[in-house]
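Peer 1: Since the structure of chain A is already known, use the hints to place chain B on it.
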Amino acid sequence: MHNPDRPVEVEVVERVEETPSIYTLHLRFTDPEVASAYRLLPGQYNMLYLYGVGEIPISIVSDPDDEGPLEHTIRSVGRVTEGMERLQVGDRMGLRGPYGRGWPLEEAEGRDVVIVTGGLGCAPVVSMIRYVLGRRERFGRLVILQGVKHTDDLIWRRQYERWQELPNTQVLLAADVGGPNWPFSVGKVTVLFNQANIDPDRSIVMLCGPEVMMKASIDRLLALNVPPESMWLSIERNMQCGIGHCGHCQVGPYFVCQDGPVFHYPALRPWLGVTGF
Amino acid sequence: MDSLLDAIRDEGFARLVGPVTRDGSIVYREIASAADLPRGVRDRQAPGTYRLESQDDGVRSFSWANGAQALKPMTFAPREALWRCERDESGTLSFRDVAREHEPTAVIGVRACDLAGLQIHEQHFLKSPYTDPHYAERRSSLFLVAVHCSHPADTCFCASTGDGPRAESGYDLALSELDEGFVVSAGSDRGRAVLASMELDPASSPQQDSAEREIEAAASAQGRSLPSRDLKDALYARLEHPHWDHVGRRCLSCGNCTAVCPTCFCHAEQDEPALTGETSEHLRQWDSCFTAVHSYMGHFLVREETRLRYRQWLTHKLASWHEQYGRSGCVGCGRCIAWCPVGIDITAEVAALMEAGDAQS
Numbered sequence: 233m234h235n236p237d238r239p240v241e242v243e244v245v246e247r248v249e250e251t252p253s254i255y256t257l258h259l260r261f262t263d264p265e266v267a268s269a270y271r272l273l274p275g276q277y278n279m280l281y282l283y284g285v286g287e288i289p290i291s292i293v294s295d296p297d298d299e300g301p302l303e304h305t306i307r308s309v310g311r312v313t314e315g316m317e318r319l320q321v322g323d324r325m326g327l328r329g330p331y332g333r334g335w336p337l338e339e340a341e342g343r344d345v346v347i348v349t350g351g352l353g354c355a356p357v358v359s360m361i362r363y364v365l366g367r368r369e370r371f372g373r374l375v376i377l378q379g380v381k382h383t384d385d386l387i388w389r390r391q392y393e394r395w396q397e398l399p400n401t402q403v404l405l406a407a408d409v410g411g412p413n414w415p416f417s418v419g420k421v422t423v424l425f426n427q428a429n430i431d432p433d434r435s436i437v438m439l440c441g442p443e444v445m446m447k448a449s450i451d452r453l454l455a456l457n458v459p460p461e462s463m464w465l466s467i468e469r470n471m472q473c474g475i476g477h478c479g480h481c482q483v484g485p486y487f488v489c490q491d492g493p494v495f496h497y498p499a500l501r502p503w504l505g506v507t508g509f
Numbered sequence: 031m032d033s034l035l036d037a038i039r040d041e042g043f044a045r046l047v048g049p050v051t052r053d054g055s056i057v058y059r060e061i062a063s064a065a066d067l068p069r070g071v072r073d074r075q076a077p078g079t080y081r082l083e084s085q086d087d088g089v090r091s092f093s094w095a096n097g098a099q100a101l102k103p104m105t106f107a108p109r110e111a112l113w114r115c116e117r118d119e120s121g122t123l124s125f126r127d128v129a130r131e132h133e134p135t136a137v138i139g140v141r142a143c144d145l146a147g148l149q150i151h152e153q154h155f156l157k158s159p160y161t162d163p164h165y166a167e168r169r170s171s172l173f174l175v176a177v178h179c180s181h182p183a184d185t186c187f188c189a190s191t192g193d194g195p196r197a198e199s200g201y202d203l204a205l206s207e208l209d210e211g212f213v214v215s216a217g218s219d220r221g222r223a224v225l226a227s228m229e230l231d232p233a234s235s236p237q238q239d240s241a242e243r244e245i246e247a248a249a250s251a252q253g254r255s256l257p258s259r260d261l262k263d264a265l266y267a268r269l270e271h272p273h274w275d276h277v278g279r280r281c282l283s284c285g286n287c288t289a290v291c292p293t294c295f296c297h298a299e300q301d302e303p304a305l306t307g308e309t310s311e312h313l314r315q316w317d318s319c320f321t322a323v324h325s326y327m328g329h330f331l332v333r334e335e336t337r338l339r340y341r342q343w344l345t346h347k348l349a350s351w352h353e354q355y356g357r358s359g360c361v362g363c364g365r366c367i368a369w370c371p372v373g374i375d376i377t378a379e380v381a382a383l384m385e386a387g388d389a390q391s
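The listed protein sequences derive, respectively, from chains A and B. Taking my numbering as reference, the numbering of the first sequence is continuous, increasing by one, and the terminal residue is 509. Taking my numbering as reference, the numbering of the second sequence is continuous, increasing by one, and the terminal residue is 391.
Quick caveat, the hints were computed from the structure, so don't treat them as lab data. Just so it is clear, the structure is predicted and the values come from calculations on it, not from any experiment.
Output of the computed footprint for chain A on chain B, the stretches with three or more beta carbons under 8 angstroms from beta carbons of chain A: (1) 114 to 123; (2) 295 to 304; (3) 309 to 315.
A few chain A residues facing chain B, derived, Cβ under 10 angstroms: (4) Asn235; (5) Glu241; (6) Val242; (7) Tyr486.
Note that CB positions come from ideal geometry on N, CA and C, so glycine has one too.
If we strip away everything but chain A, and leave its shape as in the complex, we get:
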């Protein structure tokens, strides 16, 4: 019987140092058959394995149609991620996936896509932004609202600046603490809603970041008359198996690893912000 828990081998083909504690690994399957069978959707994640240490769930940044290596942006916060930080080009690791539900691509077609994100880069929405930019004619306006704690935390800053130049695209950035080289807003991501050009009837909103931030943003969006049915969010929980077996990631009735990480807001609404779930 097939063992769904068992990873396959991948090789690190590129390693990018984003900040002193954030790095991106570009991973290539060593078995070409596995590589050609692999399909992903923006918003899904892989379980990455570091030899002798363990596995962790990491979002995939790559475009689904890109046949190159899989990109994973990782922040060193624990035993596994700190160990992975030391990997170099040519090193091997394990990977299984992709897992979970991604962003609602069909629902988003033909609509304005509004991305609201806080924290460090928020890889799950970067995959969606890239997806929209790679298929620009299939979507309406692209509005990106990004908040960070410190100006130094904004990884992919040049990427954001490049996106700002694109037609039909609005990119707004805010940092809790500004600085001398910070031309953008200061405050929480919610300060950006006054400047954002959001058409409540044409927009689909995708949120990712700390739940307090997402909840505050949803309140602002509801005040702008964006219907709850137009909002989707990606959340995080402790995940150890990725396949709905280990039980850690539950939020109310959901297993975030399989029913999420992307949820339709109306489905998650009863549980969002309830301490302990």
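Peer 2: Quick look at chain B alone, frame taken from chain A:
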């Protein structure tokens, strides 16, 4: 009984596991013959209490309700390797299955509550989009001989959850124990094959009647109950009820209840590398929602306080379980009541939560 055990062996299940008394409890261990069974043993259970009593003149081997564990460790192992990673000198990794061989085993004395727990686990491990081969192989190695319950403990409430005391399905053979012997029926083809290989007397109608009466009496003797088989809406309406604080202050967050529960399935995964640096085993081990690390997120815990962990456990078991598996996750075995070191009683906690209406704190 011994002729039945022999017939089961002849059917290909050479290893027999059954209830024996050890360290003051009923536990499931390998047995050689019916003489190993706990003849004349009664269990006395209450919140935080489990005691065995011996009756010298007792002729029955199943005049007790249950022990701390039964089937769960046999199908969902407390700790087992899921796969192994081998690393050669060049750093190339090979991921391999760990050999899994499980000797065909007959389990004697399975209770209705444990069969209900087994069916829930089959749904969790085998019917989800990802079938678990570790569970499947352990499960398929088992031949199950149920014994309908005739002596429920004070902690039992399977009649109210609908899971006992009669074993309804999921067994190969089911027995009713009478003073003069057993009434046996088959629940599967291999069970029927075992019976066909034996010389059996048909049960007389008084024997069948007394077997039935004992099961009915075992149901009506149960003093504990849950108010409904579906408490989802009632519990979801009480997420901020002050009683969670009350139970949270008593609960030690030790995880005994989740270890003895036949339906709790949470497990942690971890690696155990060999000192040679050439291989590492990836293991899973039972975990509990009462531990701090269960909700660990790198930078915070979702459930820091005990009251939140108890609420997670109870609302999962009795509420969200319905959405996940189409029924409650409680089979009424009462183990969490008896094995709780401070005697927290799930039926009493539910009653307290329901009593105060839908009061919000």
